[in-house]
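K.L.:
Protein sequences appear in the order of chains A and D. The working numbering applies: residue 1 is where the first sequence begins, and numbers increase by one. The working numbering applies: residue 1 is where the second sequence begins, and numbers increase by one.
Take the hints with a grain of salt, since some may be wrong.
Covered by chain A, according to a simulated footprint, are these stretches of chain D (three or more residues, beta-carbon under 8 Å) [as the list claims (entries may be wrong)]:
1. 19-28
2. 38-44
3. 59-65
It should be emphasised that the hints constitute simulated quantities derived from the structure, not laboratory data. From the three backbone atoms N, C-alpha and C, an ideal C-beta is built for every residue, glycine too.
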Amino acid sequence: MDILMLFAIGLLKAAIVVFLVMLPGAVIAVYSERRLAAFIQMRLGPNRVGPFGLMQAFADVAKLIFKEDIVPAQANRFFHTLAPLIAVTTTAALFAVIPFADYVMIGDTRIDFTVAPNVNLAILYILAVSSVAVYAMTFAGWSSGSKYPMLGSLRSAAQMISYELTLGSSLIGIIMMTGSFNLNDIVHAQANLKWNIFYQPLGFLIFLVASFAETNRAPFDLVEAEPELVGGYHTEYTGMKFGLFMLVEFVHIIIAPCIIATLFLGGWQPPIPTFILNAIGIQEGSIIMALLQLGSFAAKVLFMMAFFIWVRWSLPRFRYDQLMNLGWKVMLPLSLINIIITAVVMFLLK
Amino acid sequence: MANINTNTRAQKMTFWERIYLPEIAKGLAATFKQALQPKMTRSYPEERFEPNGSYRGRPVLVLEESGERCVACGLCSRVCPALAIEVQAAETLTRDKERYPEKFEINMLRCIFCGFCEEVCPEEAIVMSKDYEMIYTNREDAILGKEKLLVPMAQLQDRLEYLRSHQYYEPSATA
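Based on the sequences and whatever the hints tell you, model everything.
P.N.:
Spelled out as structure tokens, the structure:
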């Protein structure tokens, strides 16, 4: 295959991921967020638009498109417009390295279910790209020329920097066990139900909490604490620019479960040992195998997404000092302890 | 500022409460249980709320077979705290009922559904109905005249029975 062909396939995959994973994912996230919230509050939730209210997200978007796009007089127009674009781009870019399934062989051609297969520093890529997202919020807050967005964005910057450390160091245990930063290798190492959650329970817990903070979800949604900050960093946004921030927020509860599922829940590995699959004639690289892998990955992601929503509607918001205490005095030491425990156990088992 | 460092509730927490996680699990269990409870809301236009006799909805005039009950005494208009009722009396030709309301208007923009009109009425002629769907697209429509206020007695049985079983005064012997 020449380089042009590779480029074309990559572009096609990117388009498929954006239009068949990210946007429908956001739609599912919007719907399930609103419905689950309603159920927890003993309400019915949106059930008007389409069957069971399934078209609610499309109605929301249609409304936002027809809204006037207002840039406040005090705002810096360039950065005000740039911020939602950065937010969307960085979030969409995270999907590039997520392995949705292994691969299929069509004839002699091997097609990987990853936009960028075998990136050997995929974990670092995820951490790096997700930390760029803080610029979106900082720009949005600063360029709005209003005090509430400013406060929200300052909080977000502090919060993301504090939790990024923990996020990274909680993964070192996995990287030590697998010996690779490559997400495909990490998923392959979790075959036969050897999921990392069983080997790294502390690491999983820390990563889970840190990813709540990183995605600015409750109980760490200080960035947009409605009672204190009106709407946080997107207070001064209207129309589709606001819609983009909302899209990002809902894509976050798709992408964070994707990363958690890949790293800790066995990624696309079906919860059936490989020898059973081989015994019933499902071979690696076949289309049935790929569908099975896609299905189990989707199931894991949807389960984690429901968990994210469930947590949001259960726990009250942290206070800012509690957030910082938890991040620096509890989570970071715990993640370091996790590294030491992993190292000691690995040394003893060698 | 004296007690800024003495958070007694935080000091009384046990070890398990301090590490949050069991408490978080308890909270999650509570919300999960809540999600399985029957819903408190309903799909409104399809599933309607059917009030019982004690419900104070739109005030209406009772219409018997022989005609309206109202004798246009004007007590409801007098007692109305929101000044929503306007009554104009006229004479009848019959002897048993000498007056009738020539004009009876309730301004639903003013009505506060207190039920004083019903309470004060000596003839049980104005009662609160079960109607809670009051939609008006302009102010004129919200002023209801007699043609909209008169409701056949059969439709008001629940309320009339409720009123009789909850009377706080002796019905006058001469009524």
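K.L.:
If a hint holds in the structure, say so; if it doesn't, say that too.
P.N.:
Hint-by-hint comparison with the structure:
1. 19-28: It holds: at least three residues are needed, and the region 19-28 of chain D offers 4 whose Cβ sits within less than 8 Å of chain A.
2. 38-44: This one holds; 6 residues, not fewer than the three required, reach chain A with a Cβ under 8 Å.
3. 59-65: violated (count 0)
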